[in-house]
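Protein chains in written order, with the numbering used here: chain A, 1 to 349; chain B, 350 to 594.
One thing to keep in mind: the hints can contain errors.
As the list claims (entries may be wrong) - For lysine to any residue, the following SDA-like pairs were computed, each having C-alpha atoms within a straight-line distance of at most 20 Å:
{"no.": "1", "chain 1": "B", "residue 1": "LYS488", "chain 2": "B", "residue 2": "TYR574"}
{"no.": "2", "chain 1": "A", "residue 1": "LYS201", "chain 2": "B", "residue 2": "LYS361"}
{"no.": "3", "chain 1": "B", "residue 1": "LYS537", "chain 2": "B", "residue 2": "GLU351"}
{"no.": "4", "chain 1": "A", "residue 1": "LYS201", "chain 2": "B", "residue 2": "LEU507"}
{"no.": "5", "chain 1": "B", "residue 1": "LYS358", "chain 2": "A", "residue 2": "PRO205"}
{"no.": "6", "chain 1": "B", "residue 1": "LYS550", "chain 2": "A", "residue 2": "ARG49"}
{"no.": "7", "chain 1": "A", "residue 1": "LYS23", "chain 2": "B", "residue 2": "LYS435"}
{"no.": "8", "chain 1": "B", "residue 1": "LYS435", "chain 2": "A", "residue 2": "THR204"}
{"no.": "9", "chain 1": "A", "residue 1": "LYS322", "chain 2": "A", "residue 2": "ASN272"}
{"no.": "10", "chain 1": "B", "residue 1": "LYS435", "chain 2": "A", "residue 2": "ILE281"}
{"no.": "11", "chain 1": "B", "residue 1": "LYS361", "chain 2": "A", "residue 2": "THR204"}
{"no.": "12", "chain 1": "A", "residue 1": "LYS201", "chain 2": "B", "residue 2": "GLU382"}
{"no.": "13", "chain 1": "A", "residue 1": "LYS262", "chain 2": "A", "residue 2": "TYR161"}
{"no.": "14", "chain 1": "A", "residue 1": "LYS201", "chain 2": "B", "residue 2": "SER569"}
{"no.": "15", "chain 1": "B", "residue 1": "LYS591", "chain 2": "B", "residue 2": "LYS488"}
{"no.": "16", "chain 1": "B", "residue 1": "LYS435", "chain 2": "A", "residue 2": "ASN202"}
{"no.": "17", "chain 1": "A", "residue 1": "LYS274", "chain 2": "A", "residue 2": "SER296"}
{"no.": "18", "chain 1": "B", "residue 1": "LYS435", "chain 2": "A", "residue 2": "TYR328"}
{"no.": "19", "chain 1": "A", "residue 1": "LYS201", "chain 2": "B", "residue 2": "TYR574"}
{"no.": "20", "chain 1": "A", "residue 1": "LYS201", "chain 2": "B", "residue 2": "GLU386"}
{"no.": "21", "chain 1": "A", "residue 1": "LYS193", "chain 2": "B", "residue 2": "PRO357"}
{"no.": "22", "chain 1": "A", "residue 1": "LYS292", "chain 2": "A", "residue 2": "LEU317"}
{"no.": "23", "chain 1": "B", "residue 1": "LYS361", "chain 2": "A", "residue 2": "ARG49"}
As the list claims (entries may be wrong) - Facing chain B, from chain A, some residues (calculated, C-beta under 7 Å):
{"no.": "24", "residue": "ALA70"}
{"no.": "25", "residue": "TYR92"}
{"no.": "26", "residue": "GLY111"}
No lab work stands behind these hints, which were simulated from the structure alone. For glycine and all other residues, C-beta sits at the position ideal for the given N, C-alpha and C.
If you want the building blocks of each chain, they are given just below.
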Amino acid sequence: MKNKILISGNEALAEASIQAGCKAYFGYPITPQNEITAYMSRQMPEKNRVFIQAESELAAINMVLGASAAGVRTMTTSSSPGISLMQEAISYMAGDELPCVIANIARGGPGLGNIAGSQSDYFQSVKGGGHGDYNLIVIAPSTVQEMIDLTFTAFDVADKYRTPVIILADGYLGQMMEPTTIIEKKETLHVTKDWALTGAKNRTPNAIHSMYLGDGALEAHNEKLQRKFQKIKKEFCLVEEISTNDAEIILVAYGTVARICKSVLRKLRAKNIKAGLIRPITLWPFPEQAIKKAASKAKFLLTIEMSTGQMVEDVRLATEGKAPVYFYGRTGGGVPKEEEIISIIESKL
Amino acid sequence: MEKKFGLPKTMKDVVTHYCPGCGHGVIHRIVAEVIDELNIREITIGIAPVGCAVLAYDYLNIDMAEAPHGRTPAVATGIKRVQPNKIVFTYQGDGDLAAIGTGEIVHTAARGENITTIFVNNAVYGMTGGQMAPTTLIKQKTQTTPFGRDPKSAGFPLRVPEMLKSIEGAVYLARETVISPKNIIRLKKYIKKAFVLQMEKAGFSLVEVLSPCPTNLRLSSIKSYDWVRENMLLYYPLGEIKDDS
Ligand SMILES: Cc1ncc(C[n+]2csc(CCOP(=O)(O)OP(=O)(O)O)c2C)c(N)n1
Numbered sequence: 001m002k003n004k005i006l007i008s009g010n011e012a013l014a015e016a017s018i019q020a021g022c023k024a025y026f027g028y029p030i031t032p033q034n035e036i037t038a039y040m041s042r043q044m045p046e047k048n049r050v051f052i053q054a055e056s057e058l059a060a061i062n063m064v065l066g067a068s069a070a071g072v073r074t075m076t077t078s079s080s081p082g083i084s085l086m087q088e089a090i091s092y093m094a095g096d097e098l099p100c101v102i103a104n105i106a107r108g109g110p111g112l113g114n115i116a117g118s119q120s121d122y123f124q125s126v127k128g129g130g131h132g133d134y135n136l137i138v139i140a141p142s143t144v145q146e147m148i149d150l151t152f153t154a155f156d157v158a159d160k161y162r163t164p165v166i167i168l169a170d171g172y173l174g175q176m177m178e179p180t181t182i183i184e185k186k187e188t189l190h191v192t193k194d195w196a197l198t199g200a201k202n203r204t205p206n207a208i209h210s211m212y213l214g215d216g217a218l219e220a221h222n223e224k225l226q227r228k229f230q231k232i233k234k235e236f237c238l239v240e241e242i243s244t245n246d247a248e249i250i251l252v253a254y255g256t257v258a259r260i261c262k263s264v265l266r267k268l269r270a271k272n273i274k275a276g277l278i279r280p281i282t283l284w285p286f287p288e289q290a291i292k293k294a295a296s297k298a299k300f301l302l303t304i305e306m307s308t309g310q311m312v313e314d315v316r317l318a319t320e321g322k323a324p325v326y327f328y329g330r331t332g333g334g335v336p337k338e339e340e341i342i343s344i345i346e347s348k349l
Numbered sequence: 350m351e352k353k354f355g356l357p358k359t360m361k362d363v364v365t366h367y368c369p370g371c372g373h374g375v376i377h378r379i380v381a382e383v384i385d386e387l388n389i390r391e392i393t394i395g396i397a398p399v400g401c402a403v404l405a406y407d408y409l410n411i412d413m414a415e416a417p418h419g420r421t422p423a424v425a426t427g428i429k430r431v432q433p434n435k436i437v438f439t440y441q442g443d444g445d446l447a448a449i450g451t452g453e454i455v456h457t458a459a460r461g462e463n464i465t466t467i468f469v470n471n472a473v474y475g476m477t478g479g480q481m482a483p484t485t486l487i488k489q490k491t492q493t494t495p496f497g498r499d500p501k502s503a504g505f506p507l508r509v510p511e512m513l514k515s516i517e518g519a520v521y522l523a524r525e526t527v528i529s530p531k532n533i534i535r536l537k538k539y540i541k542k543a544f545v546l547q548m549e550k551a552g553f554s555l556v557e558v559l560s561p562c563p564t565n566l567r568l569s570s571i572k573s574y575d576w577v578r579e580n581m582l583l584y585y586p587l588g589e590i591k592d593d594s
């Protein structure tokens, strides 16, 4: 295999972020994402970029806030408990309209849970997580190659829309190794950050803040944010559809689970069961249209997650009642098995 | 006629929201004068805290960010590390710095982060209506110590520069107050020294300012100044607590 490398999901994401122009990385150790922090501790100083092992995730995300306010591409990575700690600052950054990339190599919860991969941070990622009216762009890779490609995308859309972007992967994706293309610097979007804090030389001072005290000021600011979120919904929604054209049964799954579903799909088709797969790549914006369209022709949909049922709520909403939506989930590190999924489908036929 | 006194270039020509007698306005002005005198206005970036000084970006004529409560030094770290040649300072109250943000200030000092912190100790939480601060004095009455601060249940007040003194990354730690012109002159000297040290890339510097909060002390402006003199100065000694320059 020429021009291919074998690399883990965590290291792939780390190297891609460097190639995407991440100038400052701040992190705090937590399994199963430690490879990213370790990789950055070596590579960033070599490239004269900033690496800090912060004293906590609170500090790490607020360092990201500062670096972003100063106008550079910046990232932090963590896993579920650490991402919970970051929520206040993420809410500030949404209000401040500060771009950054936050990767959650998610693990099982609640609480300390365990260190196995999990998809139980879906609600936290797509429904806000922190306080206030805001959304984040949430991107869910499914392969190590996508840990690379979607990291480039994440930095671009963060800058384009001035918003924090979450890459929601899980411990399995972070740890697994797969062959990928060589990770090379890509021409990425370049935006002028005239709002950044660079010293008020020959211009009026810039202020980065999320507080709006005047009568009606916060409502006006929030309406502006909502207009932006609507624009993102219109312009940026990624979804993979497989065999949905003639499908009577629609599987909906993302990330690690979608990999399993692809194999399930082949087996179902071999049994002459007309199944298709919808794989949301952006979890927010959620591919509502694709699901609605498929639901209008399907006998039923089956959502499969490594959680007790989170994305399934958005799938139900998107179907607008046009078809029943069933759910199968494993939790606490459990991974749905092909046979389990196939037998559920056969029981519903 | 030569103009001897006016608004520093680093201050915007606006009315602040501070209560009569509050020390924040004086401290803003001193910081602004120092920035003017060092001719660093165009390369200085400030970080406002959550607290009464949250609107500092409306008053100081420089680039500024607002930080989540207590995370002010972490935000400053992010800004400074990507722009090491800019002058970066945090402006924090005692709740912001010595309660919710204790971890950040300790580790920012530990990293020897080349920033300056202006630490305003008014012995209360001003913005939220006068609750106990980590710097509230023993027996001092606040909204949440209605019978006076009892160390048995509410602990002892923190002396921040003394606490940070053993940290190698902290190169300059000083304490002054705004209760008299003499003190203000010395305070300005300390703040200037802290900024100069930053310009020389010496490391972390912090100047604590004992500051009256007449509203929450429930005292007239003048009496609140007396209160600082008669109570705070006894517990919080003035002077340069550490000078490694
Ligand atoms: C996470 C969080 N907790 C609590 C508050 C509420 N709050 C706002 S200001 C403040 C205390 C400020 O006191 P201090 O830092 O002493 O500054 P001062 O107002 O006295 O200048 C608190 C607790 C908040 N905004 N955010």
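Tested hints:
| no. | hint | in the structure |
| --- | --- | --- |
| 1 | B:LYS488 to B:TYR574 | holds, 18 Å |
| 2 | A:LYS201 to B:LYS361 | holds, 15 Å |
| 3 | B:LYS537 to B:GLU351 | violated, 23 Å |
| 4 | A:LYS201 to B:LEU507 | violated, 39 Å |
| 5 | B:LYS358 to A:PRO205 | holds, 12 Å |
| 6 | B:LYS550 to A:ARG49 | holds, 19 Å |
| 7 | A:LYS23 to B:LYS435 | holds, 17 Å |
| 8 | B:LYS435 to A:THR204 | holds, 17 Å |
| 9 | A:LYS322 to A:ASN272 | violated, 24 Å |
| 10 | B:LYS435 to A:ILE281 | violated, 40 Å |
| 11 | B:LYS361 to A:THR204 | holds, 11 Å |
| 12 | A:LYS201 to B:GLU382 | holds, 18 Å |
| 13 | A:LYS262 to A:TYR161 | violated, 32 Å |
| 14 | A:LYS201 to B:SER569 | violated, 41 Å |
| 15 | B:LYS591 to B:LYS488 | violated, 29 Å |
| 16 | B:LYS435 to A:ASN202 | holds, 15 Å |
| 17 | A:LYS274 to A:SER296 | holds, 15 Å |
| 18 | B:LYS435 to A:TYR328 | violated, 54 Å |
| 19 | A:LYS201 to B:TYR574 | violated, 38 Å |
| 20 | A:LYS201 to B:GLU386 | holds, 16 Å |
| 21 | A:LYS193 to B:PRO357 | violated, 28 Å |
| 22 | A:LYS292 to A:LEU317 | holds, 9 Å |
| 23 | B:LYS361 to A:ARG49 | violated, 35 Å |
| 24 | ALA70 | holds, 5 Å |
| 25 | TYR92 | holds, 5 Å |
| 26 | GLY111 | violated, 21 Å |
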